[in-house]
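Under the working numbering, the letters of the sequence shown match residues 1 to 185, in that order.
Keep in mind that the hints are not guaranteed to be accurate.
Derived lysine-lysine pairs resembling DSS-like cross-links, with alpha carbons at most 25 Å apart [unchecked claim]:
| # | residue 1 | residue 2 |
| --- | --- | --- |
| 1 | Lys113 | Lys182 |
| 2 | Lys113 | Lys68 |
| 3 | Lys142 | Lys113 |
| 4 | Lys28 | Lys68 |
| 5 | Lys50 | Lys68 |
| 6 | Lys142 | Lys181 |
| 7 | Lys28 | Lys142 |
| 8 | Lys28 | Lys113 |
| 9 | Lys182 | Lys142 |
| 10 | Lys28 | Lys181 |
| 11 | Lys68 | Lys181 |
The calculated label-pair distances, taken between Cβ atoms and stated as ranges, are [unchecked claim]:
| # | residue 1 | residue 2 | range |
| --- | --- | --- | --- |
| 12 | Leu146 | Glu20 | 20 to 26 Å |
| 13 | Gly41 | Asn141 | 17 to 23 Å |
| 14 | Glu20 | Thr66 | 21 to 27 Å |
Keep in mind that the hints were calculated from the coordinates and are not lab data. Positions of the beta carbon are idealized from the N, C-alpha and C atoms, including for glycine.
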Amino acid sequence: DNLAAQGYVALCPDLFWRIEPGIDITDKTDAEMTRAFELFGTFDMETGIKDVAATISHLRTLDACTGKVGAVGYCLGGMMAYLTATRTDIDASVGFYGVNIQTLLDEASNITKPLALHIAGNDEFVPAEAQDQIVSGLADNKLVELFQYPDRDHAFARTGGAHFHQTDADSANTRTLNFFKKNLG
């Protein structure tokens, strides 16, 4: 909604449509968190990336689209944003507190378009060791911008979420908007 309000064409593909179409999960209950982990465990990344690539292609056919396409993802979507940067022809990609990126650093050399990652320093799902691996694994790539929020937990930018932090969420959203302005127009 934020990017659409700034004049960007925004499309949110349902990457879980094969598992549970239209699923909407918060972090408010243990049952929802359990369901989120179940979905994460059954999600097929390869198929998900194909869906993202199809979404990119579709967006480029729209009259309202300039031809440049960006992606934003949170949590699992943050990892998908990283993979989108390594496996598709996306023009710019942004990941918020992406999980398991440290296990995919062998693909970092495939990044040929700008990528920004927002890293929560106290992320309960991306421990400090994983964060260090991500930072050191991407530090030499001039196309990658890393933004670190040392005192924040996972999902700090999720409005209404358990770990929401207004100031850092605003900062991350502003950085994302500026990143897209620079790289998408």
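### Task
Would you list, in rising numerical order, the hints stated earlier that this structure does not obey?
4, 7, 8, 10, 12, 13, 14
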